[in-house]
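Engineer: Listed here are the chains, written in short residue letters.
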Amino acid sequence: MIPAELIQSTARVLMDKAAIEIPQDYLDGLQRAAETEDGDLSSFVLRAMLENYEAAKEDRRAMCGDTGVPRWFVKLGNEAQVEGGMVALEAALRRATAEATNSVPLRPNRVHPLWRTDHDNNVGIGAPEIEYGFEPATPEYGGAWIDLITVHKGGLFGTDYRMLFPSDGIEGIKRFYLDSLMAFGKRGLACQPAIIGIGLGGSKDICMTLGKRASTLRIVGSRNSDPKIAQMEDEFKELGNSIGMGAMGFVGKNMVIDCNIEVGYCHTGGMPMSVHAFCLSSRRAVARIHADGRVEHRTDPDWFTPYQRRETVDWPAHQEAAE
Amino acid sequence: MSIREVRLSTTPTPEAIADLRLGDIVYLDGLMYTAREGVYMRALEDKANIPMELPSQSAANFHCSPAAAIREDGSYDMGAVTATASFRFAKWLPEWMAKTGAKLIVGKGGMTSKDYRDYFVPNGAIYLTTVGYGTGALLGRGVERVEAVHWNEELGLAQAMWVLKCNKMGPFIVASDLQGNCLFERENAKIAENIAQAYEGTRPATLKRYGETDDRSDEVI
Ligand code: SF4
Chain A
2 MIPAELIQST ARVLMDKAAI EIPQDYLDGL QRAAETEDGD LSSFVLRAML ENYEAAKEDR
62 RAMCGDTGVP RWFVKLGNEA QVEGGMVALE AALRRATAEA TNSVPLRPNR VHPLWRTDHD
122 NNVGIGAPEI EYGFEPATPE YGGAWIDLIT VHKGGLFGTD YRMLFPSDGI EGIKRFYLDS
182 LMAFGKRGLA CQPAIIGIGL GGSKDICMTL GKRASTLRIV GSRNSDPKIA QMEDEFKELG
242 NSIGMGAMGF VGKNMVIDCN IEVGYCHTGG MPMSVHAFCL SSRRAVARIH ADGRVEHRTD
302 PDWFTPYQRR ETVDWPAHQE AAE
Chain B
71 MSIREVRLST TPTPEAIADL RLGDIVYLDG LMYTAREGVY MRALEDKANI PMELPSQSAA
131 NFHCSPAAAI REDGSYDMGA VTATASFRFA KWLPEWMAKT GAKLIVGKGG MTSKDYRDYF
191 VPNGAIYLTT VGYGTGALLG RGVERVEAVH WNEELGLAQA MWVLKCNKMG PFIVASDLQG
251 NCLFERENAK IAENIAQAYE GTRPATLKRY GETDDRSDEV I
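Protein sequence lines correspond, in order, to chains A and B.
Residue numbers are given in this note's numbering: position 179 of the first sequence equals residue 180, and the series is strictly consecutive.
Residue numbers are given in this note's numbering: position 116 of the second sequence equals residue 186, and the series is strictly consecutive.
No lab work stands behind these hints: they were computed from the structure.
Among these hints, one or two may not hold up.
To be verified - Cβ-Cβ distance ranges computed for the label pairs, FRET-style: (1) A/Lys58 / B/Ala262: 35 to 41 Å; (2) B/Leu277 / A/Arg224: 16 to 22 Å; (3) A/Thr37 / B/Tyr280: 36 to 42 Å; (4) A/Tyr133 / B/Tyr280: 34 to 40 Å; (5) A/Thr118 / B/Ser126: 31 to 37 Å; (6) A/Tyr142 / B/Ala218: 49 to 55 Å.
Nothing here was measured: the structure is a model prediction, and the numbers come from that model.
Backbone N, C-alpha and C define an ideal beta-carbon position, used for all residues, glycine too.
So here's chain B without its partners, still in its complex pose:
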């Protein structure tokens, strides 16, 4: 199977999203903002006004806090950029998407296919995963400049809302589609066929633990 590469806007058309296939490699152009638990709580639970026009300025929500510093003169020193695991944000995402019109959720490791079916597909949104996940230097290169940092005072550098101007920023991999398919679950299913052979001759621990599964096709997220 050959791997397809795609340039995609951070305010993508519905057609551009519909065209994406699981496993496509994507490079992004346009504005992307970071939002994780700090931003979600402040916007959704404390009802603070979101300091951007969404989704007209950006429909791309990055689960990330960059390795960056704000200089004394107020300029930014942008280093490496790496995503954080997204499954922890399932609690806030449905409301966030409804409120902001986000179409691209960008992060680490994807969500479950149930999340995709329940609120990604109805919102016309898909998930892009970062690669590795350590490709922070490559992604850092794709940041043309930092447009703004919102809520730094309130949330600190790591949780603040960074607005990044992306120029062929990537690579990312398409991890869900508009049918609600999940790339990682597809791969898990392929690997599952082989698991029994790897476990052959091993034995379960004498001392059990509460809440434990013995089904290796399960996931821990």
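Chain A extracted, bound-state conformation:
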């Protein structure tokens, strides 16, 4: 049984970490980009960003003044139990979000879409979003754990959805990908270089979800378990960086730090596609809480396990030991 109190205190730490500490995988990617960039203005921007991450850590202040929209992904091991149940878990995450908004401080971004009501704490109707996933027990960790993942996703721009069809093919997918980069890369509206996430398939909402998760829940350098999709990821990264556009839309060659693609089965007649950009402030933080009260922090959400990408009807509730 995991105490709700422990969930709340862990979530508070995660809010801090996400806002202040740039994840190492993205930092390494941006450093590589800064080394290769030869556009004078775009390389100035990359150097300023690297300085900015340092300043954030030194001062313990948020790396970006725009908090984006803080949200939560919760993954539950098959035997996880929370004291007070899932309602207590949700209350703990909402409290941690509100507290961190005041204490870090973060910008209170969340308002009612029509009345613009602002509670000054990033909490409101449907905010923060809390999404769930489940995972079979493993020999290594058992099944009584919870992963808390917070993502502070920025970017009013940089995201798009389109219904494509099987006849559009890879050429059509490439076109929509480039269109999204061009449209939102100019003037740097997407705050690139970014981790680009592409969702292919699913129903319309799931297509968006897949793309969002591809950009925010997979780290730089990870590859899809389907080798052909992994190859597309490499190719798309290169394609995005061949436009000649860099940071802030200045001449340059670093637009995409990495490109992650996730797929879901869709209607036989269609091929829906979404594109998402996880910006220069690619903020995510993760912790696993065990039933015995141990908390382990990391920056890789490790969301897309074989179970999450399963294609079969059944799946064992207990994973066998790896061969």
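Following the hints, position chain B with the ligand against chain A.
Structural biologist: Relative to the frame of chain A, chain B with the ligand by itself:
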């Protein structure tokens, strides 16, 4: 091309503004206030009295809401500072400039060259863009103190008018000049030469959308 760095006052002389070139890096000293849709609507549409002496106290309008909190004792906790995209404010800016004498519009992503020609140049004003745009921690360091927060009750923290005392606050990049040139459009034009090559072998979507352009030299703002 070497990049030039400039210290600039938030109440700059006409000569200091005339000296700026596209792509210069600027650090600001003096008072700067935040104003975005909330402040514009309240001052221009509801005709509320602006609670500052403008432009004598500040000629620098920042399109921003900081990540900051007001403590129970009334003091401020200033965290990171990041601008918001400026093109959405074109509707109010001509009147705002006429009314307040703003000479430096500071924000994210700039305006179109048409905006610059139509009302920036006649007002002797230029645009400074923030960098990245995620350099919130660096900009936060450049805020020496919060002088005041106006209209917090009426507009909320994010839309309120924050008055910031800047000390070598930056970096910013000069994105327009007194001839009405636009840095971002200049860069777009350079990139445009290469676009066809990147698009080679791709195909337009079978299902079209209303209002769509196929001209990649266009912008979406
Ligand atoms: S898109 Fe990201 S880097 Fe840009 S302003 Fe928003 S949160 Fe900051």
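Engineer: Kindly confirm whether 31 to 37 Å is satisfied by the beta carbon distance between A/Thr118 and B/Ser126.
Structural biologist: holds (36 Å)
Engineer: Within 35 to 41 Å or not, the Cβ separation of A/Lys58 and B/Ala262?
Structural biologist: Since A/Lys58 and B/Ala262 have Cβ atoms about 39 Å apart, the given range 35 to 41 Å holds.
Engineer: Quick one: are A/Thr37 and B/Tyr280 within 36 to 42 Å, going by C-beta?
Structural biologist: At roughly 40 Å between Cβ atoms, B/Tyr280 and A/Thr37 fall inside 36 to 42 Å, so the hint holds.
Engineer: Has the hinted range 49 to 55 Å been met by the Cβ atoms of A/Tyr142 and B/Ala218?
Structural biologist: 53 Å Cβ-Cβ, so the 49 to 55 Å window holds.
Engineer: That 16 to 22 Å hint for B/Leu277 and A/Arg224 (C-beta), does it hold up?
Structural biologist: violated (31 Å)
Engineer: Does the hinted range 34 to 40 Å hold for A/Tyr133 and B/Tyr280 at CB?
Structural biologist: holds (37 Å)
Consistency with the previously given hints fails for number 2 only.
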